[in-house]
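> Sequence:
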Amino acid sequence: MFAIDTNLLVYAHNTASPYHTQAKAFVEAVMNTRDEDGNLSVCLPAQVLMEFVHVITWQHLEAPLSLSAAIQVVQDYRDTGVAIISHQETQIQTFLALLTTLSTRKKVFDVALAATLKDNGITRLYTVNTADFEEFEFLEVTNPLQEGEASC
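Heads up, the sequence shown stops at 152 in the working numbering, and the numbers go up one at a time, no gaps.
Please keep in mind that the hints were generated in silico from the structure rather than gathered at the bench.
Everything numeric in this text was worked out from a predicted model, so none of it was measured.
The beta-carbon is built from N, C-alpha and C at its ideal position, and this holds for glycine as well.
Computed Cβ-Cβ distance ranges for the label pairs, DEER-style: (1) LEU96 - GLY121: 17 to 25 Å; (2) ILE92 - TYR19: 29 to 37 Å; (3) GLU62 - GLU36: 40 to 48 Å.
Hey, can you work out the whole structure from these sequences and the hints?
Here's what the structure looks like:
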């Protein structure tokens with residue numbers, strides 16, 4: 001199973017983004033593709049949904065969403081039945097262990113996301129910012145907007 005990172009959701013819902021059309025098509029495809037048991041091949045971390053609301057409503061975007069529209073988008077994702085993963089009891093231990101492998105504080109929120117993925121047994125991540133996660137050896141990171149990398 002793949003988790004979807006915040007940037008893909010923002011691009012999919014920000015009509016002013018140069019990545020909008022491609023990201024929207026990708027997100028729609030993975031959110032509408034189910035296996036023979038009716039399960040999606042993706043999940044959404046709760047942190048990603050919170051970051052999405054923060055970023056997509058930012059007034060410096062060319063086409064930000066209103067807070068109520070952003071809330072509706074998150075509710076629409078919830079209504080699909082997509083698995084939403086959250087922090088586990090081991091979050092802080094996993095976070096600290098992963099953080100010790102880095103030399104900068106600038107990636108604290110990426111480390112928090114990686115810890116959530118690891119604690120939930122998610123080893124694959126769709127993101128445009130693959131370099132942000134390359135230090136995490138347990139993660140297979142794919143940029144689905146690069147031709148030939150997507151595997152829905």
